Amino acid sequence: MDQPTSPQYTASELMCVNAARLLRDGDVVFVGVGLPNLACNLARRTHAPNLQMIYEAGVIGARPSKLPLSIGDPTLVSGASSVCGMYDIFTLYLQRGNVDVGFLGGAQIDRFGNINATVIGDYAHPKVRLPGSGGSQEMGGWANRNYIITPHQKRRFPEKVDYITSAGFLGGRKQREATGVRGGGPLVVVTNLGLLEPDENGELMLTALHPGCTVEQVKDNTGWDIKIASTVKETLPLKSSELTLLREELDPEGIYLKGS
Amino acid sequence: MSKLCSLKEAISNYVHDGDTVYCAGFTHLIPFAAGHEIIRQGRRDLTLARATPDLIYDQMVAAGCAKKLIFSYIGNPGVGSLRIVREQLESGQLAWEEYSHFGMIARLQAGAAGLPFASMNQTAAPDLEKNNPNYRRVKDPYTGREVVTLPPLTPDVGIIHVQRADAKGNAHIWGIIGEQKEVAFASKNVIITAEEIVDEDIIRSDPNRTLIPELIVKAVCLVPHCSHPSYTQGYSDRDNSFYLNWDKISEDPAAVKAWLDEWVYGVKDAEEYWQKLGAETHKRLAVKPKFAAPVNYGDY
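Chains as they are written, first to last, in the numbering used here: chain A, 1 to 260; chain B, 1001 to 1300.
Check the hints yourself; a few may be wrong.
Label pairs and their in silico Cβ distance ranges [to be verified]: (1) A1258/B to Q153/A: 44 to 54 Å; (2) P1126/B to L187/A: 42 to 52 Å; (3) G121/A to R1136/B: 25 to 35 Å; (4) A11/A to P1126/B: 30 to 40 Å; (5) K239/A to A1258/B: 26 to 36 Å; (6) R96/A to I1202/B: 33 to 43 Å; (7) E1090/B to G61/A: 35 to 45 Å; (8) D1247/B to E216/A: 28 to 38 Å; (9) K239/A to V1287/B: 31 to 41 Å.
With a straight-line Cα cutoff of 25 Å, these simulated BS3-like cross-link-like pairs (lysine-lysine) come out [what the hints assert, rightly or not]: (10) K1218/B to K1288/B; (11) K160/A to K1268/B; (12) K174/A to K1248/B; (13) K1248/B to K258/A; (14) K1288/B to K127/A; (15) K66/A to K1130/B; (16) K1130/B to K127/A; (17) K127/A to K1068/B; (18) K1130/B to K1067/B.
In short, the hints are calculated from the structure, not lab data.
Note that this is a predicted model, so its numbers are computed, not measured.
Here a beta-carbon is modelled for each residue, glycine too, at the ideal position from N, C-alpha and C.
Please model the complete structure; the sequences and the hints are all you need to start from.
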C-alpha cells in the first residue's frame, strides 16, 4: 500500500507532499490559499493528526471535511474549535507568538528568500499586477518558521526580487535581525526539483534533490549562481497513499494539482 | 423605531457618488446584492474599500462605479487573478491604496475604536511602507523602538450582510466574522442586509451573538440570498463553480458586459436574481442543518 510509486505525479503533487512532510505533529499552522492549503490538509490526515490549522479569515482548529477552495469556505467553520475576527487572528494569534508555521508563496523568490507577491516591474506602473500581501507580510515577520512552495523556474528565482512583499533575510541574516522581528524567516523552499535552505548568512542553498532531479537542473533554473550543499540529500519518493489522498479526497477536481 | 426599508431605498438614501464604501465580509457574507443595486443605481466615483475586493468589486469596477480601490489582497480566492481590477490597475485607469490584511484591519479597528491611529510592529518587509505614504513611523515612548502607524479608516457607508436582525438593526452573525464588527463601528452610515428579520425577543434570547447593535445602524433590509456567489453560514453554500466561471467570463470585456446586462441590469432586485439562478442551483447550494448545542443563559 505504502510502496514508492513510479514518478507518475505532477510537479504540484511533488511539492505538496514534500511541503506536508515539513510539518510536525502538534504544529500550529497559518494556512494560505492553494498548495499550502492542500499540504496542511494532507499532513493532518497522515503524519500530523494533531496539526492545528489556523486560517487568516479567523478560524482556529479547522477540521474541513472537504478541501476548501478558498481560505474562507464554510467547511472550515463547521467543527472548528474557535472563530474570531481578523484583528484577533493577526494580533492574539500571529503577533503574540502563537503560530509555529506560516506557508508563503509568490511570483518571485530571491537569493535571500525574500518574496514578491505584489508586482512585476515598477510599483506605480505595474507590468504585471499580482494579488499583494494578504496576510503574508505579517506572516513573514512573525510566524516562528516560514516555508515557501514554488515551482523552480529561472524567472521565479531572480537574484533580487522587484518588490519585497514578505521578508526573507533581506540582504543577509543580520539585516533581518536588525529589524527586531521575532519570526525565524524562511527555513525551507520547496520546489519541484528539490529543497533549498538558508546558510548561516541567510543565502538559499540547495540541500536536497527529488528523485531523478539533478544539480544541473537546479543551476539552470535559478537566476543566480546558487550554492550547493556539500552533501545533497535525496527526498523520499512519494507514497501511493499520499497521492491517493490528494487526488481522490483533497483535490478530486484537480484544481491545484493538475498541470506543470 | 423600525429601520426596515427596501435595499433600493437604502442604497438610494445612503450611498452617494464619491463616497467611500465598504461592503464587508471576508469570503463569507459578501453583500453581492447590494453591490448589484449600487451598479443599477449608476453610482460613480466611489472609493471601494475591502480587504479582498473579491468578485463584488471586480463587477462594480467593470460597471464603472469606482475611481479608487483600497485593498490588501486582489485575487479571486482560490482561483487566481481578479482580472478586471488587475487590468485597470495595470493600465492606470483605477487609483489604489494598498495594505497588508493586518494593515487594513488595523485601520478599521482604529476607526471603529475612535483612536488617533493604528500602531503595529515592524514586519521587516520594506516596500509597502515605501510606496504608501499612509504608513508612518513613530518612536515608542516606552522602549524607544520604532512603531509603524496607519491612520483610521472611516468609510462613509458600511454594508453588512447578516443571518438575522431585528427591525431596529440588532444583528446576529455567526461563522467567519472577518471585519464586520470593525466596519460597522468605523462607518458613518451602516446598512444591514439580512437573511431573516426576526422578532426582538429572538435577538435578546442570545445577546452574545449580537455583533452589531441597533445604535449604529441606519437601515435594515430583508435580502435573502444577498451573498450569492459568496455564502451565508447555515443558509447557503459558497458557489465555487461561479468563482471558477467568473475567471473565464472576466477574460472577455464583451462577456462581462453581457453578464452585467443579464444578471444585474436585467433583473429588478435580489429576489429576481435568485429566482433566475433556477432550481438546480438552489438545490446545489442548499445546506443540511447542523445546530450548535443550546446555551443556558439562566432565567434571572
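Hints that the structure is at odds with (numbers, increasing): Per hint list: 1, 2, 5, 10, 11, 12, 14 and 15 violated.
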